[in-house]
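For the protein sequence lines, the chains are A and B, in the order given.
Plus 397 on top of the position in the first sequence (first one is 1) and you've got this note's numbering.
Plus 628 on top of the position in the second sequence (first one is 1) and you've got this note's numbering.
Hints are computed from structural coordinates only; laboratory data are not their basis.
For each residue, glycine too, the CB sits at the ideal point set by N, CA and C.
Fair warning: there could be bad hints in the mix.
[Stated by the list, open to error] Among chain B residues calculated to face chain A with C-beta under 10 Å, some are:
no. : residue
1   : Leu682
2   : Gly688
3   : Phe692
4   : Glu702
5   : Phe708
6   : Arg710
7   : Glu711
8   : Leu734
9   : Leu738
10  : Val751
[As the list claims (entries may be wrong)] Computed footprint of chain B on chain A, listed as stretches where at least three residues anywhere in the stretch have a Cβ under 8 Å from a Cβ of chain B:
no. : segment
11  : 403-415
12  : 610-616
13  : 790-796
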Amino acid sequence: MRIDDVVRFSIKSLSAYPARTALILLAMVISIASVIILTSLGEGARLYVTGQFRSLGSHLLFVLPGRTETTGGLPPIFGTAPHDLTIDDSIALAHSVLIERTAPIVIGAADVSYGSKEREVTVIGSSHNLKSVFELKVAKGRFLPDDDIYRSDRVCVLGEKLHKELFGHRDVVGEWVRIGNYRFRIIGILAPRGASVGIDMSDAVMIPTPTAQMLFDRPALFRIIVKAKNKQALPRAEQEILDTIRIRHGGEADITIIRQDAMISTFDNILKTLTWAVGAIAAISLIVAGILIMNVMMVAVSQRKSEIGLLKALGAPTHQVMRIFLSEALMLSLSGGVLGLIFGLASVPLINYLIPDFVLQTPVWSIFAALATAIATGLIFGSIPALKAARLNPVTALSGK
Amino acid sequence: MISLHDICREFQVGDERVRALDHLSIQIDRGEYMSIMGASGSGKSTLLNILGLLDMPSSGSYRFEEKELTRLDEEECAAFRREKIGFIFQSFHLIPRLSAYGNLELPLMLKGIPPHERREMIVKALGDLGLSNRANHLPKELSGGQQQRVAIARAMILKPPLLLADEPTGNLDTHSGREMIEILESLGEQGVTLLIVTHDPQLGRRARRQILMRDGQIIGDTRSVLA
Ligand SMILES: Nc1ncnc2c1ncn2[C@@H]1O[C@H](COP(=O)(O)OP(=O)(O)O)[C@@H](O)[C@H]1O
Ligand SMILES: [Mg+2]
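Sequences and hints are given; from them, build the entire structure.
Structural data, given as structure tokens:
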């Protein structure tokens, strides 16, 4: 039997039972569409998170006080390092030819008030270098002063969100604001940008490092952010940082270094796995569709016993009968799969339009995976009824018993 | 053309073994017109099914054109049915969702004949049986006689040498029944070997050779009497 004849024969059989066919198609469409939508969701999350990390700036190293056994893991929780990280450490690290610049970081929370408005805000103590390290942009005024890193000026730069909350759209550069128990002059306001992973700069206030150390009465740095010259320099820069700190901290490199690219790839891997997982969960619904196909085909086989007997009497060999029924199952699953694909791919831009904050992105592999699982569903769940049909004894099949 | 020798066919029904054919032997020549009669359960259908390779004997030998058929595998049996046998059934066995044209197309599709070559064959087969204006009718839109004519056209479209009809008039009124037999007889005149199982003695007596069966054995054969 020619392939086109098998296909035409299957179409005629399927259209003879429209309600049943529509039900199976619906189940397939829902399954395949949810595979597409959920993997698009996962992929969207992955691109969003890795994008956020990248927006922090490129080829960064985070130097944390204290040591953990596994580099790239979490910073130490218990015990304090014998040696604090200092502004001097930060300057010393910047001497390397592999390192473009470094920025010390002190972090704390303090009440920020203006007029009657008061709020607890993240306060970041750092230097002018923070701007280039995190690729920050200043909307008004200027960033922290570039002259003397040890000077504890009472100046601050406001994050864009914080500025809007306290002052609305007013230009407040040059005005005074209270942070903790001190008055600070506002020297700049950051330009808006997407939310960052880690510290949300737009909702923070930045002040010079020594000022922050004084404000929080804490001499140690929270961490040092190192920007390497380029990506290739990262591993050697990491080694050099360890060497420098070992010399400066009396023979012990009591720090932990986290590479930004390692963080990105960790998150990337987690979210890739997550995408696969949600895709697989959606694919499980295909089993339901598959069982539906199997059931309906089983019913079809017993309803069409005499037809199967006739085909055999007319000289159809076993494998031919098998092909006819398998092709019906395959056409159900494949057309359901294609419709589901179209439906899923069409809903992704629709969801993106309705929820603009978060962009769904369909990974190419999921399209192929969805079609492949649709075909596999048809083949696997269709083969049992097809085999049953093919094995029918022609005499009993003709008698319809 | 056909030689059955010492054919037995047993069925296991529960604990019992039912012998549907009991050491049956018969020779059938090319172009013969033979009717098979006998009480219900005497083994007529079983004999026809074995001749058409829908069923295999438990023992014995079946030679068709000098070829032993009892050792054929499934695939070869199917090819034999396709090439050599036309079946006619009491209940027509037309596929309900296919038109008369579609039903006639089945054997041609199974043989792998391309669509453009089929058309001519089907149009001619329908015309021969006076069904030209019924090509696009579904079986349920046809009378019993017309349905059986479609079934005959389908059985004969590939011109098999042997036509096996199991009570072809069983579901028809007397008039259509006679008409049906006449159609089959005209095929016989064109050289087709005809084996017709029937309950109707009047129709059965029209055959040149008549066989009577009981309990899986042939108890009467007009040829052996004449010979
Ligand atoms: N598939 C089967 N299983 C069990 N017994 C069968 C089967 N087919 C036929 N028989 C038995 O074989 C005998 C002959 O049946 P059959 O050839 O159909 O008779 P007829 O066509 O002359 O009425 C009957 O006793 C019937 O019950
Ligand atoms: Mg019978």
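Numbered hints the structure breaks, given as an ascending list: 2, 3, 10 and 12
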